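Colleague: As they're listed, the protein sequences go chains Y and D.
Residues in the first sequence are numbered consecutively from 0, following numbering that gives the first Met the number 0.
Residues in the second sequence are numbered consecutively from 0, following numbering that gives the first Met the number 0.
These aren't lab readings, by the way, just hints derived from the structure by calculation.
Everything numeric in this text was worked out from a predicted model, so none of it was measured.
Just so it is clear, CB atoms sit at the ideal spot from N, CA and C, and this is done for glycine as well.
There's no promise every hint is true.
Under the rule of at most 16 Å between Cα atoms (straight-line distance), these lysine to aspartate or glutamate pairs were calculated in the EDC-like manner [unchecked claim]:
#1 Y:K347 with Y:D361
#2 Y:K62 with D:D205
#3 Y:K2 with Y:E419
#4 Y:K250 with Y:E223
#5 Y:K62 with D:D203
#6 Y:K2 with Y:D361
Facing chain D, from chain Y, some residues (calculated, C-beta under 10 Å) [what the hints assert, rightly or not]:
#7 A23
#8 I63
#9 H113
#10 E133
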Amino acid sequence: MTKQVILGAHFPGVNNHTVWTDPAAGSQIEFSSFAHLARTAEAGMFDFFFLAEGLRLREQRGKIHDLDVVGRPNTMTVLAAVAAVTEQLGLAGTIQATYNEPYEIARQFASLDHLSGGRAAWNVVTSPDAFTGENFRRGGYLERGDRYVRAAEFVQTTRELWESWDSDAIAADPASGQFLRAAPPGGFAHAGEFIGISGHFTVPRSPQVHPVILQAGDSDGGREFAAHSADGIFTRHSTYDAGRAFYADVKSRLARYGRSPDSLKVLPGASFVLGDTPAEAAEHARHIRRQQVSPQTAILMLEQVWNTDLSSFDAEGPLPPFDPDPEAPSIIQGRARMYDDPVAVARKWRAIAEEKNLSIRDLIIEVTGRQTFTGTPASVAEAINRSVQDDACDGFILVPHLIPAGLDEFVAKVVPLLQERGVLRSSYEPGTTLRDRLGLGPARPAASWAAARREHIDA
Amino acid sequence: MPETSGLHLAVALDGAGWHPAAWREPDARPGELFSAGYWADLAREAEAGTLDFLTIEDSLGLQTAGRFAGPDDRTDQVRGRLDAVLTAARIAPATTHIGLIPTVIATHTEPFHVSTSIATLDYVSEGRAGWRPRVAASPDEARHFGRREFPRLTPETVADPAVAAQLSDLFDEAADAVEVVRRLWDSWDDDAVIRDVPTGRFIDRDKLHYIDFEGRWFSVRGPSITPRPPQGQPIVASLAHAAVPYRFAARASDVVFVTPSSAEHAAAIVAEVRAEEVSVGRSSADFPDRTQPALQVYADLVVFADERPGAAAARKRRLDDLDGAEFSTDCAVVTGTPGELADLLLAWRQAAGLDGFRLRPGALPHDLSQISRGLVPELRRRGAFRAGYAERSLRERLGLSRPSGRYQIGAA
């Protein structure tokens, strides 16, 4: 059977992928930018709009990182406003399970789900670090091994809260004078390893009951978390071959939790560059890569491997003659560690630079963050569809490189081709929730999620 | 018509209105209280009356009939609420002028999130945001977080010195939260984003500031992840019934809602509020160079209004009968024609020097449209209220200038 392509629209992030030096680059914070990208995605019949989150500004060598786009809104608040300027588009927000309480998160997502008519999705992330914790009353460091255990309990608790009002709890019948069928509504009690709360939830059951749960993280723990607790996984494995391996691995984990393969959607992040001819697309891609890697950014990205101050090096000159010191304390704070074995990476990069005679900047352009899809609209549509049909993924979360117009061309040129192939809707079916649209079916009860997880762990 | 009077009028939205039986009125929409369309319609109606701003109530616990009680077993009253900030954000793009002031619990919650959410509300409304910090003192709300235990308050224990000290602590904690929120709003200078292509720098990092707040309940490093909001400092408004919250308002707020029972009482409360302003050093002849504008004082009133004399009172009695008790709340309840209400507002304002009123509609949408289509035109006829919106931001409408960031180099 032909699979439908799932499409998410990622608002460009605070990293060097987002080009701010281009004359077409607009505001990263004005609401009009969010409204434009969301409306474009909705015009293109995308499934959802996606926002990342970071709760402390990145630092490198003890200074706030100043080369990339900096500054973003509160995720939930801007999504609630985007709900007002769209009608059908899903609204996915990345929210830390660490610097929030389950009661608040459940209240906010249930509220967003009501206010959007069933379009809310939560991308759960769990990367607590003491650096980010300095912005929060609860600080927030957890042993690596505990992170996904606590996150699972956190999500489980929010599910219990989302179900705490019966589906028919509200009668709202003026004649009988009955607003509620029984009082008080929303009773809950959760007593677990990490979370012990009880009381009455304030938000009635929302259209999706459980907003769609996404998980971002490719580690073994992250994959397993997705298998027992999520509806979708946001991954870096966007290439065809890596995608197929990842897809098979993640889907194979589902059966032990009593889940069917299509109950978890695999959604790689992907970037794209279009051109009328392959040569034009390639030239355009080269131009964007140079915009993404300024001389200053090239040095900075080299420092992320060498883990030391390289500001005296010339980006247009050769690589440092020395190797990184793997024992030195990390110079980067506020984002995940990027390289597991910096010495090996440095040696590999030096070999590439020597072989191709590349400057630091040319090397960084060569070895970091190449666009996922580069080509004509027809070839990009074909590549996307092939990945989906061949089970390298179930769709893509597309990351444009420009705010706010970075998705315009894709929607104008690639979307119609996907629609022609019959793999992308031509209109939204009215009255459906995001959960319906993703083919996830009705929300599975919290108790069933918990039982499946418990059975596997006990087994 | 030139605006001369400067009277400010706000409306407080909650559920189906402030009367517990309001949801049973024929024009009520009890099945839509949790939908965006309901709230957007109310906001547009308030905007049609050129009101200064609307507030949205919120709580981390269920509504209850008793002031100090936990969740009760009444099935005949509205229970349940959506998050007020998200509701405000959802209606922001549906309106263009009216200010949006959601309630936010300042205790239990993270000041960092509060700061970015109100800054974001200010962005999505293009300069119309504020918040009403609220203290959550009930044991029920504390158990939703599972990190603190609070004793249940009763009319008797409130007088107990130990309990009073604990309540006073909660207001101090809330004041710290407001301070952190305000500092984070200022943690980016207005001109921090430079987009300087030759040096490759998107921001000038010297224009971003650590706030390094350290207090008894939390410490927050900063800077914010969100650039300085359009108003610089969105509005902080608080509700106060007694000395401790008056002091909190004097320290932390731009606007305070008070609950007088008469014009004379209003005058006495205003005097008390002014005295607290002096005691916290906000306003005094001894501080001629004060940088903070005076706290604006609004009286809260629950309003039932109808064109026909006596109709509003009769309607309220009918609702009282449905609910099984005479409605009373923490503020005065008034009934009358738009003309009678205009008389009352102007008399109280003159007697007490009130800056404005926050009207709580007894029933929605009826009493809101009586305000926007009856009371407001009546006040306009008397030259006592604006004919239309002139100012862009909520701060401007309230007569407050846009302050420089406190960390800005060369800031006053």
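Colleague: Are the hints correct? Go through all of them and say.
Modeller: Status of each hint after checking the structure:
1. The straight-line distance between the Cα atoms of K347 of chain Y and D361 of chain Y is roughly 15 Å, inside the 16 Å bound, and the hint therefore holds.
2. Distance check on the hinted pair: K62 of chain Y and D205 of chain D sit about 10 Å apart at the alpha-carbon level, within 16 Å; holds.
3. A threshold of 16 Å between alpha carbons decides the hint, and for K2 of chain Y with E419 of chain Y the separation of about 14 Å falls inside it, so the pair holds.
4. Only pairs whose Cα atoms come within 16 Å are accepted, and K250 of chain Y paired with E223 of chain Y is accepted, the gap being roughly 10 Å.
5. Between K62 of chain Y and D203 of chain D, the direct Cα distance comes to roughly 11 Å. Compliance with the 16 Å bound is thereby established for this hinted pair.
6. Of the pairs offered as hints, the one joining K2 of chain Y and D361 of chain Y is violated, with about 39 Å between alpha carbons and a cut-off of 16 Å exceeded.
7. For A23 of chain Y, the interface hint is violated, since its Cβ never comes within 10 Å of a Cβ in chain D; the closest pair sits about 13 Å apart.
8. Of the supplied interface hints, the one on I63 of chain Y holds, with its beta-carbon coming within about 4 Å of a beta-carbon of chain D, less than 10 Å.
9. Checking H113 of chain Y against chain D: minimum C-beta separation of about 5 Å stays under 10 Å; hint holds.
10. Contact between E133 of chain Y and chain D, as hinted, is supported at the beta carbon level, the nearest pair being about 4 Å apart and thus within 10 Å.
When held up to the earlier numbered hints, the structure conflicts with 6 and 7 and fits the remainder.
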